[in-house]
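Novice: Sequence:
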Amino acid sequence: MSQDKNMDQFFEAMALQLVQIATDNFEEKDILLHKQGDLAHLEFRAMDGEVLLKVVGRDSKEVAAQLLLACFHNLSIEHLGAIHLRPLNNSLQSQGKK
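With our numbering, the residue at position 5 of the sequence shown is 5, and numbering never jumps.
Please keep in mind that the hints were generated in silico from the structure rather than gathered at the bench.
Treat the numbers as computed from the prediction; the structure is a model and nothing was measured.
Be a bit skeptical, because a hint or two may be false.
[Unchecked claim] In silico DMTMM-like pairs for lysine to aspartate or glutamate, Cα to Cα no more than 20 Å straight-line:
#1 Lys61 with Glu43
#2 Lys61 with Asp4
#3 Lys35 with Asp59
#4 Lys29 with Glu50
#5 Lys54 with Glu28
#6 Lys54 with Asp38
#7 Lys29 with Asp4
#8 Lys35 with Asp4
Working from the sequences, and respecting the hints, build out all of it.
Specialist: Listed below in structure tokens is the structure:
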């Protein structure tokens with residue numbers, strides 16, 4: 001049970017990091033999730049109310065897939081270039097290998 005909770009927290013943190021990068025907004029956000037009919041709506045809003053991302057799906061798997069696609073759609077070449085310059089914390093880099 002504890003391991004499942006840790007994995008849930010890991011994926012939640014990873015999704016939030018992706019949303020921050022995709023929206024170029026690293027501030028706190030309101031996250032709204034609601035059902036309308038048979039569809040789930042997930043919305044990320046800046047603290048001033050601006051809608052940053054909004055996705056819809058029939059279930060959590062589809063909402064997650066749509067969130068990933070929405071984030072990728074928002075990434076620009078400039079974003080990717082800046083991300084590429086950020087160092088990674090992994091064992092290969094600490095050993096000087098690529």
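Novice: Each hint needs a verdict: does it hold in this structure or not?
Specialist: Hint-by-hint comparison with the structure:
no.	hint	verdict
1	Lys61 with Glu43	16 Å, holds
2	Lys61 with Asp4	17 Å, holds
3	Lys35 with Asp59	10 Å, holds
4	Lys29 with Glu50	10 Å, holds
5	Lys54 with Glu28	16 Å, holds
6	Lys54 with Asp38	16 Å, holds
7	Lys29 with Asp4	25 Å, violated
8	Lys35 with Asp4	25 Å, violated
Violated hints, in rising order: 7 and 8; the structure is consistent with all others.
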